[in-house]
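**Student:** Starting from the known structure of chain A, fit chains B, C, D and E onto it as the hints suggest.
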Amino acid sequence: MSNYQEIISQYRPLLEIIVYGSAVALILVGLYAVLVKKHLVKVVIGLSLIDSGVNLLFVGVGYVTNHTAPIFSPGYENAADRMVDPVPQALVLTAIVIGFAVTALALSLVIRLYRHHKTANVEQLNRLRW
Amino acid sequence: MVVSPVHLIAAPLAAAFLIPLLNKLYRDAARVVPGIVFLYNLIVSIILVNRVFQSGPIVEIIAGWKPPFGINLLMTPFSAVLTLLVSFMAFVIWLYGFRFKRSLKGGVVMYYEILQMMMAAGSLGIILTGDLFNMFVFVEITGITAIALTAFYRDRDGAEAGFKYMLMGSLASVFLLLGILLIYTQTGSLNMAQIAGRMPAVATGVKITALIFLLISLGTEAEMFPLNGWAPDAYSQAPSPTSAAFAAVLGVAAIYALARVGFTLFDHGSLSAFLTVMGFLTMLFAEMAAIAQTNLKRMLAYSSMGQMGLAMIALGIGTEAALFGALFLIINHAVIKSLLFMSGSYFIYNLNDKRLSALNGIHKRLPYVSFLFSLAALAIVGFPPFSGFWSKFYILTAAGERRMLPLIIGILAVTVIEMTYYLRVIGRIYFAKEETEPASHKPSIQALVAMTSLAVLIIVLGLYPDLIAGYLHKASMFLLDKQTYIQTVLHLS
Amino acid sequence: MGIIYILGILIIGALAAFFVDDLNRKWTGPVAMLFGFGAAVALAVLPESRINLPVLGFTLHWEMDALARFFAWIVLGLSALALMYSVKYMEGRARQGYFYAAFLTSVAGMFGVTVSKDLLSFFIFWEIMTWTSFLVAIYNAYYGVETKGIKYIIFSAIGAYAMLTAMVLALGQYHSLEFGDLATAGAFRLTSGSWYIPVLLLLGFAVKAAVVPLHVWAPAVYPKTPMSFTTVFSGAMSKMGILGMLLILTGIFHSGRVGELAALRLSLGWLGGLTAAWATLQAIRQNDAKDLLAWSSVAQLGYIVTAVSTGTRLGLMAALYLTLLHAAFKGSLFMVAGAVEKQAGTTDFRKISGLIKRMPWTFLTALIAIISLAGIPPLGGFVGKWLLYESLISETHSYFLVILIFFASTSAFLYSYRFLFGLFLGQEEEEAKQVKEASWWMLIPMLALSMVSIATGMFPGLVFGPASRALESIGLPAGNWDMSILSNVWGNQTDVFTVGSTVGILFVLWALFITFKGKKNTRWLTTKEISTSGEIPAPEDNFTFQRGFFKPFERAVGRLYRWDMDAMWEDIGAALEAFFGFIRKIYTGNAQTYAMYVIVFVVLLILFRNYIF
Amino acid sequence: MILLVLLVVLAVVLLAAAVYATVQKDLLYAVLATGVVSLVLSVFFYLLQAPDVAITEAAIGIALTTIIFIITIRNTTRDEDKYSEDMINRFKTEEE
Amino acid sequence: MKRIFVVFLLLVLGLAVYRAFHKAPFGQNRIGDVERPQSVSAFYLKHSPETLHTANSVTAIVVNFRGFDTLGEVTVLFLAATGLASILYRRKEEEEATEKAHLPGRIQLPSSTLVRTGAKILFPLILMLGIYVFVHGHLTPGGGFQGGSIIATGFLLMFITYKRFNVNHNVLIWLESLSGLAFVLTGIYGLISYGSFLQNTGWTGRLNDLISGGLIPLIYIFIGIKVGTELTNVLDTLLHTKPRRHE
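Chains as they are written, first to last, in the working numbering: chain A, 110 to 239; chain B, 79 to 571; chain C, 4 to 616; chain D, 73 to 168; chain E, -18 to 228.
Excised from the complex, chain A in its bound form:
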């Protein structure tokens, strides 16, 4: 454990690139799917990827090197100043659940659309326009 912590503090900028970078990259890949892919399911996959990226960003922002998870396990009752920021984690909990709710709703819409329009192509969903 300590070895891990040391390395992390040593390579903080690199880790920033890894964590923030993968978070942003996830968002971008998801956005790409949303913007370019034509299949409805792919679009929803893109949305869920974006959500994942944002969640990672949240947790990454809350992280503090060499600090522990914000849980006061027995024997660590006074470790408050050595804990990572718990607020983003709490927010991410909410965000994940909400993201799931939205994804479920979106997928149900996809099913309905497929039944109604007999297609899963985004471009063909343009009965309502202008």
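If a hint is listed, it holds; no wrong ones were tucked in.
The calculated lysine to aspartate or glutamate pairs, modelled on DMTMM-like cross-linking and capped at a C-alpha distance of 20 Å, are: (1) A:146 x D:153; (2) A:146 x D:152; (3) D:97 x A:232; (4) D:154 x A:232; (5) D:154 x D:98; (6) A:146 x D:151; (7) A:146 x D:98.
Calculated directly from the structure, the hints in this document are not laboratory data.
**Tutor:** For chains B, C, D and E alone, coordinates are given in the frame of chain A:
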């Protein structure tokens, strides 16, 4: 502490959880319970509004932790006015939709009623909350209900509209989350008052990025120009009470959020020009699209977007008079546009045809509904002596004080477009070839009461605007007073 | 409070008419008429009064002074007569409750405009008057809603919003909307950089007064509206534009600063002259009595605008005089057209003619009104025109304008003749044999209006008195009129009377002479008896000489007719609609495109954030 | 050092899975790839001292989200390029 | 062409996001830093063990400090379930039509005896695990959401393995409604007795005891039940939408 703002949210929540149970016991529970809740909300908000205007803003602490640590609900004069509006409109819309889908039994109606009720509750939450992330949660509540309601009808293209709404809404919530996170990293807080207090110290670059993200997301909700592709579809495909609620409940909340973020969290001066220009573009494009519509509800939807654009312009101008105008406009828009949707949907219901050309001579069949529709159409265009005139006039006055001649001319030119298509519809209703077929679906008594009360409100506010002017002035002053907001929340005695 | 009473009477009347129609359709008209006369009576007993109503931080200031009373008489008097006329005219038509409700509300709006002493209430009443009149104007337009009524409302809206723009700018600059405050603040000074405020206001009034090139709505709408309302439309409502011009040009700009406005006045005067000339030319070639009268209205308004633009006492006197006169004779002419329409079913010259025997009283009214319109002594029109020429020549020295006006009013004889000949003289068509005289409900208002024409012609002082007091109330000094024909007289013997009656008596004698002389040698023909000089007519030949009545004239001025302003505006409208149709394609209906808009918008904001925020 | 390498490898796997999920034509594999993304994300969360989030992501992201995607695919089409069951696009014919 | 444009746009966007978050450097302590303003989390980390006696401070935040968010979140889930049902509901006649048409339902892999037996054994274990997770939400990582989703996973297993496995909808609805109502009522209890919605009781026990944290475990249990039933409901609704391949 008999009543407090949290009642406004807790009551619908409890009712929403309870409705599935009650529905098992009593068949029509799902129809009745929301009405009771809305009535309760209306009474509570009247009491609270009185209290706010007599003895200053109410800060309600949730879970016993003082701000900025706990979540707080805040009722400033500004939010109080909108709370009252939303409660009232929610009640009226419930009344209107009381006999909605009378033929459908059981579960489906229950889903509809729960969603419709929670949309109002979520909007109230957006208006009342003093916490940024909490606002996100309520935005999601309204978003999910709105999407589900949009896709409610199976025989229309509801799912398509719902999917578009879902896509835009998801993007909006992603940006909202990013903005909130950015703000949190810089200020270490989620409480709006504390953020507002600490914002000046934040580096400009990050601040502007956060602002952009928040504007994008709230702009999507508020139907800002390039972000409003969902709006016409959602408005036109949703069940009629929902369309009315989009204008009267969601729109109000969205404009509130925009105002709160623009005026309290950030410095208004920096986004004044942006809001004005985008508001004008919203209005321009919406009305240009509206005049070419052949579908009644879609036309009304575009017109809604136009009104939201006007509200944004007023927020952009940002003087006290402009905010007064904006508030008045929001009230008018809520009342009048709901009336338009309500009466318009009776046309559609009777004709089974959403096209404008089908409206020819409909007044023979539905004289009273036609009258209400025409009244609302005249009012929303801004003809005196109806209430729509005063809001438009006040916004123009504010623009005139700032010597924004091009803006004034622009707004009025767009209004000419708006007037053209509304009066065309009136012409169709009354003067096109007549039909003699009798009405097959007369409006129910509840719907008539709802619509008539809105019409009376339009006329009363038009003839005697001073009825609410005092409240609105106080509200708009308070919105401009950022320091008092911060003080009120953070320094509770 | 008197003003409120009158407004109340009108509004209650509107509601009463609306609801009575549901009970018994027969009573709608009489009820509306009662309220119309009630309002007029109330005006007669109403003392000078003023009211201040605070609304939203503004004060609505209504005052019944001499100017207001002058215009209020025109509005309420004409409306009362028109309502009486309407009882029979509208008999048997559908939606009468709607018609009368809109009618009376519109009258209330007009009355409100006359008593308004601040821009806000002026605008409010103006708008009320506009949208109610729109509702009446589309009453007949079962299929033409898209173009005719909408054209009216679009032009009205452009005008009204020009006014609104000016209002809010003035409010931002002078912090008051009261005419009095604005006048004392020396507002609307052209040199102060806010020259656009009065120009915008005048633009608004010009639309209502149908000044070229904003006139196109008038010829489109007047003929399509029920004639009982067109009477008010043309006789009273268009005069509200004149009232506005009067208030702005004279009430707020002090007469002392006339020079400052020279350009504005000059252009307005010329626009008025052009309107008169253009509309007269158009009127000449119309084949329908109603169209002809509509164009003629526009032409007459042109004179009045020119008169207002002079800004001198004499010119304004001419304006007020013509305003009243035009209300009288054009009102009765539209009533005549309505009566013919009601009795004969059409007012197309090519379809109906020779009604003189069938409708003698109507003919008499038409004759008096036409004489008055053409400006032949001894009737009122002559006095108005005389004053106008006098003021243009001796006070503003705009000789070219006089030439233009003179050309217009001379050409007016052509269409005057056309009107009389077309409907009443000429050969009697077979179809006209069954036509009966109009009901007395219709004839009495017509004759009453004729009486006004005659009386004001004989005794111009009847008008000079109130008009002069009206002018005093907007700041023109009272005193002797240094024009010969008016200098010593108020109401009794005048030079006008002498000149007028001499010419008039001669004219009547000449007419009698012609009539009796012609009586002997006239052989009455019907259209079916026209000789073709041995030629066998081709089917396409049209022998009704009502067609191409003024062919030679049209040939002479044919070039002028090629300009079609109507077509120009319609092209603009079509282009705009096409543009809108193109623009709305940005809402492609594709969810991904919308998402793309979001991302593009974000990226643009991010890239240009330093410029935007 | 090994842990750093582990993190890098995880990040690479994460992105690879994400890209795979985007470009894979067979939607079932794409959905499974999103499951992998969630799995890696869960490990990430754990490494970033967020066990609560890790458990949530594991339960919701890996299991539930994936399964509802799979249900959806069963109800629609599995091949990304084949939008419709029939080769002829039935959308056009069904209009009106 | 469009793809290149999109990639360009996304790169710009990504760069901007990254730059903005670069201003909040990774892994640096922002809690109680002198240069930076005081973050609220320091307060939470202080009061979570001291006042609330809740070992898991994330739980303390989720359930108590920001409990209102959680109420909203539960509502979102509830609304998603409702919305899902309203979107995918089937009319009676439709249901019958699909039944009659012998549609090739969802692709049913014939589950082997091994799988079925395994599922039968696993199901109670999974449920137990879920309940454990949300009961111990205030002590260990996990809580109502996690436990609830684990329970839903258990039901998912049963749904997949047993074709005819049907949950009793009435029970689900009762559980869901009552737990949601209980959450709200707990809040109202706080409002009535302590003057603030969702306020915790004065008695919060001892840190790291199973019964500690006042109302927090209770609320988390409600949340667990509610989330579990809601997710099960969602899965149920989704799984029982049969594809309509041929009409």
